[in-house]
Structures are given as structure tokens and as C-alpha cells.
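Residue numbers (the numbering used here), protein chains in the order written: chain A, 1 to 218; chain B, 1 to 224.
FYI, nobody ran anything at the bench for these hints, they're computed from the structure. Even for Gly, the Cβ is constructed at its ideal location relative to N, Cα and C. Some hints here could point you the wrong way.
[Claimed, not checked] Label-pair ranges, simulated between beta-carbon atoms:
| id | chain 1 | residue 1 | chain 2 | residue 2 | range |
| --- | --- | --- | --- | --- | --- |
| 1 | A | 155 | B | 20 | 29 to 35 Å |
| 2 | A | 123 | B | 208 | 25 to 31 Å |
| 3 | A | 169 | B | 131 | 56 to 62 Å |
| 4 | B | 78 | A | 108 | 27 to 33 Å |
| 5 | B | 160 | A | 149 | 27 to 33 Å |
| 6 | A | 123 | B | 78 | 49 to 55 Å |
| 7 | A | 123 | B | 160 | 43 to 49 Å |
| 8 | B | 212 | A | 45 | 49 to 55 Å |
| 9 | B | 109 | A | 118 | 52 to 58 Å |
| 10 | B | 215 | A | 110 | 39 to 45 Å |
| 11 | B | 27 | A | 118 | 57 to 63 Å |
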Amino acid sequence: MLGRFPALAGANLEVETGEVVLLSGPNGAGKTTLLRLCAGLLALRAGEAEVLGVNLAVEPRRVRRAVALVGHETFCYDDLTVAENIRFVARSTGRRAADADDALERVGLQRVAHTAHGRLSQGQRRRLSLANALVRKPRLLLLDEPHAGLDEHGRAVLADIVRSTPAEGGTVILASHELDLARRLATREVRIVAGQVHAATAAAPTAAPVVAEVEARA
Amino acid sequence: MSFLRDALLVAGKDLRIERRSRVALQQIVPFGGVVVLLFAFALDSDRTLLHQAAPGLFWAAVLLAVVLAVGRSFAIEEANRARDGLRLSGLDGGSIFLGKAAAVAVELFLLEVIVGAAVVVLYDVSVRGVVVLLCAAVAATVGLAATGTVYGVLAGGLRARETLVPLLVLPAVTPVMLGATRSFQAALDGVPGDAWPWVQLLAAFAVLAVAAGTVAFGPLLEEA
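Assemble the whole structure, with the sequences as input and the hints as a guide.
Structure below.
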């Protein structure tokens, strides 16, 4: 529910380990809501959501520690530098400063490590969001419009991250309007329209454990 | 230990941001200075009244500082949705509360030193009962910071945050203002024995505010 309006009425989605699931659909369909729900930032009013085997309604903090969300905003502080922001994320999630430095290097932001977040370009902010997600070493990576603002090199870095995540035992759910780019990365596409989930490409049956299972009722 | 380490992490982050931006201090210190200076001119002919009013004026300046510091503390969490970043970190709500309240308390202590020095110089106040003054200042500051932080998170996610914070905080901290002013008055009058009961009240308020905040902050952060 967003305000008085059900954002995901009747949505039913199951994602298995190692999948890269693309959420597509028109603006306002409920893609961002679904991602925020899987990240443990929103609570279901009716229905059930289980992420990484944990019931979101019971233990949202446990879920949050194991997922990473790259959203429209960076979740960063304008007056802190890039290095300070990512080190804060690292320390608050129990990672080391070296992990933060590695993540910055992977997204190519070492050159601006001592620049304040408020002075970064849109693309640099998006890369910092990716680095903040990487440093958490998430089992489930949630990406909301990840291509927005990224240049060619940034998109290559993003593709590398998305492709390597399943190889490292993780799972990716991304929402995007850049469908050509996103479809190249995804193993399955799920279309969401007006809060309803429509499977555009069926997942091949596997023995992989279920990572996220959401059933939202009106 | 991890609880305290997380609190220190949050406090360090908030203080680093404030040191860099100096927004709160640039708003608070000039106001405190002007209040002290204006009353020094207005009551200059009546030194007795000036002495009597000094504790009240001092704490009135601190009270405004509470509202500004708390507002700033949560404004930085709203920009770029940093509040969601805090929630995603999985940090315990109690440790976030302690960290944010500690950062506000440090800012208030700094202001109290500056405004206190101005009061001593401009109002010709002779400082007596240093121990009781320090105890009262510490207990009052902790109580103000903790109460302000609880109401700050309550109003944090709302568009009317800047109006709501003073409306919520000012009535809630009235007992602190009363106790702090009376204890300072008694100490400066040279009868610290009369100040200690007020200091005890301030300490009790501070303990309650910190305990309540540690418990309530997490759920409030989720709901706001």
C-alpha cells in the first residue's frame, strides 16, 4: 500500500538463487515498490514476503544485512567524501576499510575518493551507489534503474557486476526501462503492470533454492 | 561492545558532517551571541537584574540551539534518502539513537562553552560552584539532546519537520529548562546546596530520556 492505494495488489513472484531477474513495466507499475519491499524497507499490509529464507515481517533487519539496494537516491551524505561515505557503509555492515577501497577500485572511483559526495556528477553518484552495494557483499542485489546516468564505461562496470554476482553465489533483481541493455543481462524477465506480476519469460525449473518469494494481496 | 561501537560510528559521522558544513554552529553561535549581547545592553543599568537573568538567558540560547541542532541532525538523513541507508545498514535503532544524541550533545556543549564565556565576560558574573555547574550542564545537555533526538526522528520524515520539531521539543524539555536555570541560579548565588536537588532532577530526566530513546528510536525510525 502506498498511502491508500495498493501498490502491489495480487503480485506473486518467486526468484531462485543465481537468477538475474529483470522487472519491466510502465511507470508506476510497482517495480520500485517491489524492490524496496525485498530490501526490507517497506512492510506488506497483506500477504507474505520471504527473502533469503527469512520472513520479512518478522526479521526485516536480518534481511537488510544480506541484501543491497541501488535505488534512485544514493543514501549518501553530501558533506562526506566518497571514501568516508563508503567506509561508513562498510563499518556499519561489519566490513573492513579494505573492502571499501576494493569496491571503489572496481567501479573506478579511486580518483575522486576524497571528493565530497555533493560535488559528484550523476554518473559518479550512481557508481558510488554500486560500490556501496558491492562492499556489503550481498546475497541479493537489487538494482533500480541502474543504467540511469551511467556512461559507456559505467555501463560496462555494471554489466560486469551483474554477470559476476550469480557466479559468486548471489542473485540479482533489477528494474529498468533500458530494456535492450537490461535484457542482455537478465536470465528472466518479469513484467509488472498495475501491481500485478506477469511472467514474460518462464524460469527454467531448477533445484536452486528460492531467494525471494513475494505474495502481495489487495 | 558492538552496540557502543555502532553508536560511536554514527556520532563520528554526524560530527564530521557538522565540522565540515558548520551549518548548525553558524546558525547557533551568532544567535546565542546576539541574545547575550542584547540583554547586556538592555539591562546594563541594573546589574542585579542582569545577574539574576543570566542563567535564564543562557539556557534560552541553549534551547534554541537544541531545536536547530536536532533539525540539522535529521535534515542530513533526509537528503539523498540517507535514512534508508541507515535502515539498510542493519544497525540497531538504539545505537543509532545514542550516536545521534551524543553528536547533538557535543554540539550543545561547545555552544554552552562559548555562550557561557560571553555571559561571564559581559554580565560580570563570578563563577562559583564549578562542580555543581558542570554536573547540571552535563545532565541538562544529555536530557535535551536525548529528548530532541527522539522527537527529531518522529518528525524527520515529514515535510513540516522544521515547524514540528520546536512544537514537540519545547514543551517536552520544559522541566529541563526549569531545573537547569534554577540549579545555575543557586550555584552562582553561592548556595550550591540548593542546586543539588535540581541536578538530581536533571539527572533523572536524562536517564529516563536516554532509556526511552534507546528503546523507542528503532520503531520510530521505521514508522517515520
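The hints, checked one at a time:
| no. | hint | in the structure |
| --- | --- | --- |
| 1 | A/155 to B/20: 29 to 35 Å | 32 Å, holds |
| 2 | A/123 to B/208: 25 to 31 Å | 49 Å, violated |
| 3 | A/169 to B/131: 56 to 62 Å | 60 Å, holds |
| 4 | B/78 to A/108: 27 to 33 Å | 29 Å, holds |
| 5 | B/160 to A/149: 27 to 33 Å | 31 Å, holds |
| 6 | A/123 to B/78: 49 to 55 Å | 23 Å, violated |
| 7 | A/123 to B/160: 43 to 49 Å | 34 Å, violated |
| 8 | B/212 to A/45: 49 to 55 Å | 28 Å, violated |
| 9 | B/109 to A/118: 52 to 58 Å | 27 Å, violated |
| 10 | B/215 to A/110: 39 to 45 Å | 42 Å, holds |
| 11 | B/27 to A/118: 57 to 63 Å | 19 Å, violated |
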